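Line order of the protein sequences matches chains A and B.
FYI, the numbering for the first sequence is 23 to 412, going by this note's numbering.
FYI, the numbering for the second sequence is 23 to 412, going by this note's numbering.
Don't read these hints as lab results, they were simulated from the structure.
Hints are supplied without guarantee of correctness; some may be wrong.
Since the list can't tell identical chains apart, any single copy or any two copies may satisfy a pair.
To be verified - Taking lysine-lysine and the PhoX-like style, the derived pairs with C-alpha atoms no more than 25 Å apart in a straight line are:
1) Lys177 / Lys252
2) Lys295 / Lys63
3) Lys331 / Lys383
4) Lys258 / Lys35
5) Lys218 / Lys284
Just so you know, these numbers come straight off a predicted model, no measurement behind them.
This is what each chain is made of:
Number of protein chains: 2
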Amino acid sequence: MREVAVVGVGVNKWGELWEKSLRDIFVEAALKAMDDADVSKIDALYVGCMAPGLFVGQEHLASLLADYLGQCPIPAARVESACASGGLAFRTAWMDVALGLHDIVLAGGVEKMLDVDGGGATYALATAADQEWEGYNGATFPGLYAMIANAYQKKYRISYDKFRDQLAHVAVKNHDNGLLNPNAQYHMKLTLDAVKNATMVADPLRLFDCSPITDGAASVILCPVEIAKKKFRKHKIIEVIGTGAATDTIALHDREDFTYLKATEIAAQQAYKMANVFPKDIDLAEVHDCFTIAEICVTEALGFFKPGKGGEAAASGVTALDGKMPINTSGGLKSKGHPVGATGIAQIVELTEQLRGEAGKRQLKDPRVGLAQNMGGSGGSTIVHILKSL
Amino acid sequence: MREVAVVGVGVNKWGELWEKSLRDIFVEAALKAMDDADVSKIDALYVGCMAPGLFVGQEHLASLLADYLGQCPIPAARVESACASGGLAFRTAWMDVALGLHDIVLAGGVEKMLDVDGGGATYALATAADQEWEGYNGATFPGLYAMIANAYQKKYRISYDKFRDQLAHVAVKNHDNGLLNPNAQYHMKLTLDAVKNATMVADPLRLFDCSPITDGAASVILCPVEIAKKKFRKHKIIEVIGTGAATDTIALHDREDFTYLKATEIAAQQAYKMANVFPKDIDLAEVHDCFTIAEICVTEALGFFKPGKGGEAAASGVTALDGKMPINTSGGLKSKGHPVGATGIAQIVELTEQLRGEAGKRQLKDPRVGLAQNMGGSGGSTIVHILKSL
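Between the sequences and the hints, there should be enough to build the whole structure, so can you do that?
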């Protein structure tokens with residue numbers, strides 16, 4: 023098994039990109055990553071995208087994107103695991119390079135979500151849940167995550183007001199970080215009061231507890247560490263030292279404990295074992311904060327905080343940019359935006375920039391090891407990666 | 023790189039399965055493959071499916087299918103490359119086992135196409151073409167393949183009647199083979215006259231030149247050859263000796279020659295090189311006959327026949343079950359059916375059964391090496407595999 027490095031990263035400015043198409047934004051981010059790595063030719067391409075058929079009436083992205091990137095006849099593949107599609111693309115590209123199939127491989131993610139109306143986007147996203155048992159009974163993701171939040175509050179016997187405060191801290195912190203990320207969708211400072219008094223979506227989750235609908239793309243270039251050391255000397259080399267993937271029941275009602283993200287814990291344990299590190303060794307993490315409650319449950323499942331303590335950690339500032347365990351320095355899905363297929367790749371972009379020391383105004387002090395956790399649906403699939411600067 | 027074997031295969035009876043859902047038919051075929059391999063537990067799952075969001079309102083099959091197969095928390099992934107999604111799932115599973123990530127891996131394919139009406143299915147399938155340049159201008163796949171057929175007839179200066187006869191021979195031959203396949207959608211003998219006088223779809227293609235809309239699933243179990251030799255002795259061991267993948271422009275109008283399937287030739291050359299075999303060494307091939315003209319162009323791109331001679335080969339009986347180069351012994355997409363995500367896996371099932379000597383009434387005499395060619399769109403992506411009996 024060859025050791026694999028990330029040698030190029032690129033992301034476009036995320037937001038409501040009415041004037042651009044899916045292929046435009048994918049190519050934009052891909053060319054940025056290729057430029058960052060200083061390559062004009064790639065050997066293979068993997069792209070994560072959740073629902074291009076529903077969002078823009080286009081499947082077969084493998085052919086489309088290899089074509090529009092000017093890279094035919096290279097092998098290309100689209101992979102999908104709902105909102106974890108980006109993480110899955112990165113893992114599949116890693117497999118390719120580790121196996122020795124190809125040397126210079128692009129892993130990208132893209133989603134063009136604004137070309138359908140709000141109802142269309144909610145429908146498309148709901149296809150990540152169990153349609154027959156959840157979707158057709160009216161459950162959408164804000165409702166499912168609200169059930170997780172309610173179960174969490176009850177299980178750990180936190181008062182509603184205190185819990186609501188903890189949730190708000192996650193949103194405020196991630197928007198603070200997003201202010202420092204030029205590619206984030208929202209550059210908008212939030213206050214605790216603004217989050218707590220926002221429009222109710224599904225009790226206790228209000229508008230600013232939810233990640234937005236976003237058009238965006240991200241790309242990274244992978245190659246063997248051996249080649250990176252010889253040919254890619256523009257940046258510090260970032261090695262992929264751990265990968266993990268796991269599944270859980272797709273329907274929330276089939277789980278013993280709504281607050282326990284089993285797939286996240288199992289995928290993380292695989293990645294920790296492979297990387298030979300422990301949660302305490304992680305200097306920063308990008309995690310899947312599709313809703314504020316998700317960040318709390320995820321940071322517990324990753325082993326950063328004890329069960330029931332994730333909310334306190336957010337409220338006390340531990341997960342802030344200047345805290346002991348910075349979470350979502352990029353702004354997270356909350357403020358950076360959540361073009362679902364691109365999210366997992368953008369997490370790798372953020373880790374790479376931080377570990378290189380090239381994260382601009384949000385740069386942490388000398389981080390060595392970073393973790394990315396990307397999750398599909400209400401936790402039915404999870405992909406975890408651990409990166410380290412050499 | 024570990025050597026990889028196929029040790030279990032399963033396919034359900036394909037057709038219009040109104041009473042079953044996508045998850046039902048996937049699980050049915052997967053359990054058959056697991057039963058064939060005599061395993062109750064798998065280590066990872068890869069599923070090829072083209073457009074479950076458009077066909078049945080369900081994405082996130084990785085989680086859904088691992089769940090309904092009772093295999094959580096194993097890693098699972100869905101891959102998509104339009105009608106080549108099954109071949110891509112097999113290739114990705116092969117990568118996983120070859121790399122040494124997992125030992126017992128299921129590669130499946132599924133598509134539930136009958137739950138939308140005819141117009142819905144045509145729309146969903148058209149998302150495999152370039153929507154902005156082909157789909158939105160009214161081009162659907164029968165039209166695109168008709169353009170390939172017309173270009174072929176003109177390029178090789180074949181009279182319309184003779185060419186129409188060659189196309190009909192492909193359909194008649196594949197239906198003859200399908201009569202011997204108990205899982206085929208159609209058990210219906212065709213005559214040349216019936217094909218040539220069928221309802222016109224897109225000149226020169228008529229109804230029986232087109233593969234049908236189908237509900238169906240297929241699964242295979244892969245493991246390292248070393249483990250297969252020790253633990254899987256129920257059947258002859260079938261080794262994966264070659265794999266290849268390539269892309270071409272997604273839009274037909276961007277190609278220099280409509281009749282030349284470049285991605286197929288390049289993917290095949292990769293697979294031949296890796297397997298260290300030549301076209302003459304192939305004893306049987308399952309190829310992507312979504313339309314009769316496709317089988318003709320594909321058999322040329324694979325190197326079985328010279329350019330312009332694929333039609334003659336079909337008409338002369340060379341590609342029949344008792345011919346020198348049997349093509350689509352399973353009945354092909356034409357008569358077996360074409361549930362798009364399942365097709366590439368079903369090709370591997372057919373090769374495995376033939377190479378094991380377990381293909382029943384359609385068994386060839388001692389085949390040793392088989393090739394599967396699975397194609398997306400009008401040839402924008404192609405996956406080729408070569409299998410050999412040990």
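Checked hints:
1. Lys177 / Lys252: Close neither inside one copy (53 Å) nor across copies (49 Å); limit 25 Å.
2. Lys295 / Lys63: Intra 34 Å, inter 23 Å, cutoff 25 Å: inter-copy only.
3. Lys331 / Lys383: For lysine 331 and lysine 383, the Cα distance exceeds 25 Å both inside one copy (29 Å) and across copies (65 Å).
4. Lys258 / Lys35: Classified as within; 24 Å inside a copy, 55 Å across copies.
5. Lys218 / Lys284: neither (29 Å within a copy, 58 Å between copies)
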